[in-house]
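Residue numbers (this note's numbering), protein chains in the order written: chain A, 164 to 478; chain B, 164 to 478.
For identical chains, the list gives no copy identity; a pair is met inside one copy or between any two copies.
Simulated pairs of lysine-lysine, DSS-like, Cα-Cα distance not exceeding 27 Å:
(1) Lys274 with Lys260
(2) Lys217 with Lys260
(3) Lys274 with Lys217
(4) Lys248 with Lys217
(5) Lys260 with Lys358
(6) Lys274 with Lys465
(7) Lys465 with Lys358
(8) Lys260 with Lys248
(9) Lys248 with Lys274
I should point out that these hints are in silico values taken from the structure, not numbers from a laboratory.
Number of protein chains: 2
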Amino acid sequence: MNPRIDVVVCEVGLRDGLQLVQEFFPTAEKLAWIEAEAAAGMPEIEVTSFVPAKIVPQFTDAEEVVTRALGIGGLTVGALVPNLKGAERGFALGVHKLNFVLSVSRTHNLKNVRREREESVADFRRIVEMRNARGTRPMLVGGLSTALGCSYEGRIPVDDVRRFAAQLAEAGADEILVADTVGYGDPAQVRAVFKAVMAEVGRLPVGAHFHDTRGTGLANVAAALDCGVRRFDASLAGLGGCPFAPGASGNIVMEDLCFMLDSMGLRTGIDLNRLIALREILERNLAGTEMHGAIARAGLPKHYVAAADRPLAIA
Amino acid sequence: MNPRIDVVVCEVGLRDGLQLVQEFFPTAEKLAWIEAEAAAGMPEIEVTSFVPAKIVPQFTDAEEVVTRALGIGGLTVGALVPNLKGAERGFALGVHKLNFVLSVSRTHNLKNVRREREESVADFRRIVEMRNARGTRPMLVGGLSTALGCSYEGRIPVDDVRRFAAQLAEAGADEILVADTVGYGDPAQVRAVFKAVMAEVGRLPVGAHFHDTRGTGLANVAAALDCGVRRFDASLAGLGGCPFAPGASGNIVMEDLCFMLDSMGLRTGIDLNRLIALREILERNLAGTEMHGAIARAGLPKHYVAAADRPLAIA
Chain A
164 MNPRIDVVVC
174 EVGLRDGLQL
184 VQEFFPTAEK
194 LAWIEAEAAA
204 GMPEIEVTSF
214 VPAKIVPQFT
224 DAEEVVTRAL
234 GIGGLTVGAL
244 VPNLKGAERG
254 FALGVHKLNF
264 VLSVSRTHNL
274 KNVRREREES
284 VADFRRIVEM
294 RNARGTRPML
304 VGGLSTALGC
314 SYEGRIPVDD
324 VRRFAAQLAE
334 AGADEILVAD
344 TVGYGDPAQV
354 RAVFKAVMAE
364 VGRLPVGAHF
374 HDTRGTGLAN
384 VAAALDCGVR
394 RFDASLAGLG
404 GCPFAPGASG
414 NIVMEDLCFM
424 LDSMGLRTGI
434 DLNRLIALRE
444 ILERNLAGTE
454 MHGAIARAGL
464 PKHYVAAADR
474 PLAIA
Chain B
164 MNPRIDVVVC
174 EVGLRDGLQL
184 VQEFFPTAEK
194 LAWIEAEAAA
204 GMPEIEVTSF
214 VPAKIVPQFT
224 DAEEVVTRAL
234 GIGGLTVGAL
244 VPNLKGAERG
254 FALGVHKLNF
264 VLSVSRTHNL
274 KNVRREREES
284 VADFRRIVEM
294 RNARGTRPML
304 VGGLSTALGC
314 SYEGRIPVDD
324 VRRFAAQLAE
334 AGADEILVAD
344 TVGYGDPAQV
354 RAVFKAVMAE
364 VGRLPVGAHF
374 HDTRGTGLAN
384 VAAALDCGVR
394 RFDASLAGLG
404 GCPFAPGASG
414 NIVMEDLCFM
424 LDSMGLRTGI
434 DLNRLIALRE
444 ILERNLAGTE
454 MHGAIARAGL
464 PKHYVAAADR
474 PLAIA
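Produce the complete structure using the sequences and hints provided.
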């Protein structure tokens with residue numbers, strides 16, 4: 164981690180956002196987005212998903228996008244992998260980080276990857292073994308989706324999240340990512356879940372992936388910060404959504420997240436004005452898609468001084 | 164306070180929202196809104212402002228609205244007062260609560276009420292004396308606007324907020340209300356400001372009035388909850404705004420606030436579905452005005468159980 168960064172944010176719009184966009188987002192425009200966001204200071208971008216191109220045609224260009232993104236100095240390039248086959252593709256390209264996802268909701272895991280959760284843990288263990296046989300790269304992230312609720316099952320017991328976090332850690336995860344896939348979480352629940360997970364896998368970094376579907380996204384970030392979480396996913400203009408809630412907002416808005424963190428005195432390494440200007444790339448490519456976010460509309464506060472430029476941190 | 168309520172929320176859309184609406188919102192429709200929201204469980208509504216009708220024609224019907232609202236059983240009826248003249252109108256009507264506002268930002272106070280802040284404190288003291296001469300009613304709230312930032316001055320020193328909170332308390336306020344008038348606040352700042360104010364005026368209830376102009380509204384609520392704040396203003400559909408940020412969102416959204424609190428296990432007394440259904444009153448009267456809010460679009464989580472119906476509180 165850059166010693167001048169207090170909190171690592173990761174752009175996931177190219178994966179979590181674009182996976183719901185039917186129209187193909189041109190490869191050159193994906194790369195323009197990645198390059199411009201890296202130039203604005205984004206330390207990490209999940210650039211694609213290694214799902215079969217037949218299932219999500221949006222990611223047909225996964226190989227090209229990863230290869231080109233790896234040429235950007237200083238950027239950590241991540242990709243989602245649903246299974247071993249996807250992991251092999253990632254290994255072959257030399258991607259920095261692979262995000263493996265298990266749904267804590269049994270029903271969701273069965274529907275999403277047609278596997279029992281224990282089978283998914285076994286898959287992850289095999290990915291770790293494959294990676295270990297090759298060396299130390301890529302980093303392997305054990306993601307726990309639907310950890311704060313599920314559109315099929317509703318509330319998810321905290322102890323289930325804790326248990327599968329422990330299993331992914333034991334299987335060899337380099338990092339744990341707790342995801343509120345459908346935006347059900349509230350700050351009290353976030354505290355309960357993250358405290359339990361961090362007590363269990365304390366030696367590993369634990370990141371948070373929140374959605375803002377019900378307006379609680381940044382409140383959940385604040386609660387996770389209190390628990391010591393220092394890694395957050397978000398997407399430019401909140402690109403994303405939830406197939407179960409048409410018209411609802413999706414991922415937390417990167418611009419608003421970075422503003423809140425920076426305002427709190429937590430340095431992200433991001434230039435807020437350059438980040439906000441990036442929305443133009445989405446506007447020109449996603450006509451008709453709603454652009455979320457408050458700071459882009461309201462502007463920075465009067466006389467605003469970025470965290471990195473303040474004599475003393477406020478937080 | 165109702166013993167079955169953990170957090171008191173107060174609807175301010177009829178005042179803070181409508182004061183920016185040029186077109187007159189029909190008196191009968193204001194009353195329909197007040198009645199329906201009270202029926203949904205809203206414990207307190209700021210129904211109007213006793214500003215001169217010449218300055219804000221929207222409040223020409225202040226007397227009628229207050230009189231009719233006072234007829235609704237169980238509802239605490241509040242109104243904003245900018246000065247002594249406004250307080251006299253409130254006293255005459257028998258309103259339950261008068262919200263007096265002082266801007267902690269000197270520049271803002273001078274522009275808003277053409278007075279030094281100390282003169283505003285003196286005005287408030289006279290209002291308290293007038294009230295005391297009559298008896299114990301109405302309750303007098305000492306409001307501190309621009310407490311988390313000002314469109315002229317930028318950041319406001321925490322010590323200024325603390326100091327004017329102390330002066331309003333000393334002058335006889337029954338309650339202190341700390342307001343982020345322009346939506347500059349972040350959770351770290353909220354903690355600093357509320358801790359300082361509550362340490363100073365600890366014997367009085369301290370409420371929070373947040374705006375969501377920069378996306379931090381509910382995160383600030385979560386931070387204030389941590390400080391022990393149990394009173395929050397909000398407006399239906401986030402009605403309101405900021406004349407300095409055209410198109411930006413205004414007050415925090417009542418529906419989202421109540422959902423978050425309820426999800427956290429904090430009872431508000433509000434029926435969420437009835438509250439969400441109330442947006443229709445705004446839709447039919449404010450064509451073209453943007454309706455904010457996430458929960459109304461996304462819907463309650465699957466198998467959601469209201470806080471009041473749970474066997475054990477989660478928070």
